[in-house]
Amino acid sequence: MWPSPAPVAFAIVSVTDARRDESDSAEPPQANPPIRRGRAPRSPLAAAALMAWRWLTRMRTALYLLGVLGFLSLVATVVPQAPNVPATVSAWRLGDEGPGPVVVGLIDAIGGFDVYGSALFLALLVLLFTSLTACLLPRYRAWWRVVTRSQPPRTRHVGHHDHVATLTTELTADEVDGRIRTVLADRRYRLRAADDDLPKQVAAERGLALREGGSLLFHTSFYVLLVGIVLGLLLGFEGDVAVVEGDAFADTTISYSDVGAGRWWDQADHAGFTLTLDQFEVDWFRDPRFGGTPTVFESTVTISEPDGATWTDTVGGNDPLVVDNMRIHQLAWGYAPRIVVEVDGEVVHDAHVMLVSTDAGVFQGAVKAPAADPDVGFDVLLWPYAPVDETTGTPVPTGAPWADAPLLVGVAYRGDLGLDSPQRFDTLDKTNLEQTGGAQLRPGAVVDLGDGVVISFPELRRWVGFQVSSKPTLPLLFIGGVLVLVGLVPAIYAWRRRVWAVLETDAAGGHTLITIAGRAFQRPQAFDHEFPAIVKAIRDATDADPSPTPVAASSRPVAVSRNQQDTS
Amino acid sequence: MTQAEWGELSTVLFWPTTLLLYLGAMLASMYAHAFTSVARVDAHEPVAGRRGQRIATGLATLGVLTHLFHLVARSLGSGGRVPWGNMFEYSSVTAFIVVAAGLVIFQWRLRKPQIMSMLLLGAILTMGIALLVYTDPGPLVPILNSHWLKIHVAAIVLAAGVFTTAFVFNALHLLRDTAERRVAAARSPAGSTVGAAYAGDLLEDEDEFTEAVPERDAVEDGVLGDDLEDDRAYGLALRAAINPRALFLGSWVAAATMSWVWLDLGRFLGVNTVFALAALVAWWFLPHLPSAATLDALTYRTIAFGFPIWTFAVLAGAVWAEQSWGRYWGWDPKETSAFLTWVGYAGYLHARATRGFKGRTASILGLGAYWIMLFTYLAVNLVVTGLHSYAGVS
Ligand code: HEM
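Protein chains in written order, with the working numbering: chain F, -11 to 556; chain C, -1 to 392.
Chain F with its partners taken away, still in its complex shape:
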């Protein structure tokens, strides 16, 4: 469970003894390895490397690096990022929007439009992880020593601690020693091995290994996350596909657009299923107060696997479908009217045209029919809800998305569609086109535009945009995330305590005098309750009485004198 110790081939490590002016968050056993002393002079290169390494192992460096990371992320929240909003970025670059060319030039200089893809960010990550490694190796070693070799120390001044209590008992020192050990071991204190030093003493400690171990696990889990992310990029696959209701696609790379495949992704890794979109259901609250808030958003699909297995399932907004190694997410949707175009009695276009929703509530797309001569094209707009106004008798488009009264507007163009050069599927390149007319259609309508062109709108369906991906490292990332938390909690909440019990035999009276002392490294308030409980447990276990010459338990005299910061 715990990270194993670092390879010990690590010369510059040692545990420092600096006193720390700490209160809550005690610096753990080691962070700043001291200089290696008394060695022969090194080559300048080695000296530089050593200096760099020492710089990297400083906690302060980690803090600066975190600061730079924070700054870059802040840039990324304020400056539009090309991978997220490419249109805004080009608008900034063109000067249509944004702070102007000077600032944009500065942003570009540091790669500010794609912070997380920039060389600066990569360099920072490398530095952070190097620094992390440099910090962790010595800490592992120190931690391992704590766990395997170190012992809770004896105390030399039992009366000087913040918490002191004394008891006397009839039992012999050896008997008392055994019983106190049981009490403390039950409370999960680690005990110092018995020795013959006098006075006889039980020294115990808890929390150190757990607190520091938690911190180590916490930091180490970043490597797990890093490995998960990098391997995920190398092994993963992601592609988008849009399907009209009733249609299907097969899981092969050529089916997808916007393919992002890792270097180690192989064609053969596709699951090879076929997905048929049986139906896509979407609906909204019609109450104008909540207008536009969807209530359903779900695809019903039929999957046929290569081995012949076939089943029906759903893909919802928060509910991806997993088929073998592939994950299917439903991300986008739109209307897909079937549009038939005839020119001189010949069908030149008959297909479901995918329309994309716009901010104005209208769905927009294009029909391209190069089969006609000259080419025919349509700009297509669809208002899903355009009821007829009672008084004027004309349709009134609204922004509502539900298709209760769809109205399709087609604007016809003829000329050259320019399909030799790449263009978007949902817009026309109008450089060599001429507008020739237009029509408004309800479902089922057929409109003769003259010039031999007839357009009809027999049917309205919907299309769905799926993302199909393979992310083999998701479980690893999940484990990494769990480890972050599992480590963090003890790193912050495990409290270090030390307890001593000094046993002195009163030769004359045949009593054993027990002096119990305690020290809390964190959360002293809690210890104010823990310590008396320990004293009571020891008292019960040893049939002891409070000492006739009591030393006030837990009166905190030391604490007060230490912290009189209010007085001057």
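Heads up, some of the hints might be wrong.
Taking lysine to any residue pairs in the SDA-like style, the calculated list, with each CA pair at most 25 angstroms apart, reads [stated by the list, open to error]:
id	chain 1	residue 1	chain 2	residue 2
1	C	Lys148	F	Leu319
2	C	Lys148	F	Ala320
3	C	Lys148	F	Leu462
4	C	Lys148	F	Thr283
5	F	Lys188	F	Leu159
6	C	Lys110	F	Pro520
7	C	Lys110	F	Asp516
8	F	Lys524	C	Leu108
9	F	Lys524	F	Arg176
10	F	Lys524	C	Arg107
11	C	Lys148	F	Phe273
12	C	Lys148	F	Ala514
13	F	Lys418	F	Asp439
14	C	Lys148	F	Gly304
15	F	Lys188	F	Ser138
16	C	Lys110	C	Leu25
17	C	Lys148	F	Glu286
18	C	Lys110	F	Ala514
19	C	Lys148	C	Pro306
20	C	Lys148	F	Ile467
21	C	Lys110	F	Tyr481
22	C	Lys110	F	Glu518
23	C	Lys148	F	Leu464
24	C	Lys110	F	Trp483
25	F	Lys418	F	Asp367
26	C	Lys148	F	Leu309
27	C	Lys148	F	Val470
28	C	Lys148	F	Thr281
29	C	Lys148	F	Val474
30	C	Lys148	F	Ala238
Just so you know, these hints were derived from the structure itself, not from any lab.
The structure displayed is predicted, hence computed values, not measured ones.
On the provided structure of chain F, position chain C with the ligand as indicated by the hints.
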């Protein structure tokens, strides 16, 4: 009752009901505090103080109840969903958590009711922000109806409430620390370290790991010693050490770095002024505040409590993003901002553990982390847009 009526009821419960109750509780608590610890000279006044404290506790408890009722009504008025689906609701729940946790922890467990007045101030400011982004109750987008989302948002809101509490301690710490240092410097020309460093470890190193001095609350709140006249003088010296005009201006400008995101002059001026006035109230309270060391310890503990919750919230958010958008992390502005806040608080925790960075530097980092949290919360919702566009304000 119909859904719409529940919605209206919930709004009335929020403003004016709960807000006024909190305001009353805060004023009563401040009044009580002024009596119980400054004017101890007069034997009669503690009675007035105690009565004031009882009124404050009563009002705050009542306020928490009406606030809870508001949340329930809001939920019913929105068709039975959880009442944390948009910015208004996040802020409301955050304020609720601050006051409820404050009552439980400081009022009843630690018995330090004077801290309540400051927490109430924080809650009132948060509720003021909530009113500025008010949205009518309504259903959520189904994309939001996922368990992971509820967990994610609940954790974020909880952590934000905890960080808000920490911010109050943190800001008070810096203020009190500055005053303590100045007073100390004035009293000992050689330059004292009072308020800055703990006395050395009295114990010898007993092994290689005995470096840390145990964490200690400084002497119980506020003024020390038996000499009441001296206490008074010290308290007044603390107050005199801070120039209220500079404090007002500084706080006004600090708030301005945040409030511009509304791009609305009225709100800009209003928010800055309210914040600066709150700073003045804190200034007046300087003599009654716990010592800088106590405030520092409270800040650390509160942040240390909030940090794992925030961490968990970010991880839960990644799980949700994977379910709903098909990627667990996309550096979308909201994700970036959650990450940034996390880095900010990790920076604070590191600074606490780094020699030479402790104390004021760490405190300033803590303030910075809170600034980042608020700024990204507001700016990303109001100005920048991303996939996470469900803030519910337009
Ligand atoms: C990858 C970036 C890092 C993050 C996000 C991070 C985060 C954290 C956090 C949140 C803590 C607080 C846990 C606690 O209080 O015990 C912590 C503690 C600590 N970190 Fe890091 N850390 C990072 C890198 C580093 C590096 C590079 C070093 C070494 C220079 C380092 C050294 C330490 C030490 C010594 C502690 C213990 C402080 C204590 O006990 O309070 N960390 N870290």
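Hints, one by one, checked against the model:
With a C-alpha separation of about 20 angstroms, the suggested pair C/Lys148 and F/Leu319 falls inside the 25 angstroms cut-off, and the hint holds. Among the hinted pairs, C/Lys148 with F/Ala320 is consistent with the structure: their alpha-carbon atoms are about 23 angstroms apart, no more than 25 angstroms. With a C-alpha separation of about 21 angstroms, the suggested pair C/Lys148 and F/Leu462 falls inside the 25 angstroms cut-off, and the hint holds. Between C/Lys148 and F/Thr283 the CA atoms are separated by roughly 17 angstroms; this keeps the pair inside 25 angstroms, and the hint holds.
At roughly 14 angstroms between alpha-carbon atoms, F/Lys188 and F/Leu159 fall within 25 angstroms of each other, so this suggested pair holds. Between the alpha carbons of C/Lys110 and F/Pro520 the distance comes to roughly 23 angstroms, so the proposed pair stays at or under 25 angstroms and holds. With a C-alpha separation of about 17 angstroms, the suggested pairing of C/Lys110 with F/Asp516 holds against the 25 angstroms cut-off. Straight-line distance between C-alpha atoms of F/Lys524 and C/Leu108 comes to about 24 angstroms, which keeps the hinted pair within the 25 angstroms bound.
At most 25 angstroms may separate the alpha-carbon atoms for a hinted pair to count; F/Lys524 and F/Arg176 meet this at roughly 17 angstroms. Between F/Lys524 and C/Arg107, the direct Cα distance comes to roughly 24 angstroms. Compliance with the 25 angstroms bound is thereby established for this hinted pair. Our distance criterion of 25 angstroms between C-alpha atoms is met by C/Lys148 and F/Phe273, whose separation comes to about 21 angstroms. Annotation: proposed proximity of C/Lys148 to F/Ala514 is violated, straight-line Cα distance about 33 angstroms (limit 25 angstroms).
Pair hint F/Lys418 plus F/Asp439 holds up; C-alpha atoms about 20 angstroms apart against a cutoff of 25 angstroms. Only pairs whose Cα atoms come within 25 angstroms are accepted, and C/Lys148 paired with F/Gly304 is accepted, the gap being roughly 17 angstroms. In summary, the hint linking F/Lys188 to F/Ser138 is supported, as the alpha carbons are separated by about 19 angstroms, within the 25 angstroms threshold. Straight-line distance between C-alpha atoms of C/Lys110 and C/Leu25 comes to about 16 angstroms, which keeps the hinted pair within the 25 angstroms bound.
Restraint check: the Cα-Cα separation between C/Lys148 and F/Glu286 comes to about 20 angstroms, which is no more than 25 angstroms; the hinted pair holds. Between the alpha carbons of C/Lys110 and F/Ala514 the distance comes to roughly 16 angstroms, so the proposed pair stays at or under 25 angstroms and holds. As the CA atoms of C/Lys148 and C/Pro306 are separated by approximately 17 angstroms, the hinted pair is consistent with the 25 angstroms bound. The suggested pairing of C/Lys148 with F/Ile467 holds, with an alpha-carbon distance near 21 angstroms, which does not exceed 25 angstroms.
Taken as a hint, the C/Lys110 and F/Tyr481 pair is honoured in the structure, with Cα atoms around 23 angstroms apart against an allowance of 25 angstroms. The straight-line distance between the Cα atoms of C/Lys110 and F/Glu518 is roughly 22 angstroms, inside the 25 angstroms bound, and the hint therefore holds. Only pairs whose Cα atoms come within 25 angstroms are accepted, and C/Lys148 paired with F/Leu464 is accepted, the gap being roughly 24 angstroms. Taking the CA atoms of C/Lys110 and F/Trp483, the gap is near 24 angstroms; set against the 25 angstroms cutoff, the hint holds.
Proposed proximity of F/Lys418 and F/Asp367 is supported: the alpha carbons are some 10 angstroms apart, at most 25 angstroms. With a CA separation close to 21 angstroms, the supplied pair C/Lys148 and F/Leu309 stays within the 25 angstroms bound. A C-alpha spacing of about 19 angstroms is found between C/Lys148 and F/Val470, which places the hinted pair at or below 25 angstroms, so the restraint holds. Only pairs whose Cα atoms come within 25 angstroms are accepted, and C/Lys148 paired with F/Thr281 is accepted, the gap being roughly 18 angstroms.
Proximity of C/Lys148 to F/Val474 is assessed by CA-CA distance (about 22 angstroms); at most 25 angstroms being required, the pair is judged to hold. As the CA atoms of C/Lys148 and F/Ala238 are separated by approximately 35 angstroms, the hinted pair breaks the 25 angstroms bound.
Hint check: violations occur at hints 12 and 30; the rest are consistent with the structure.
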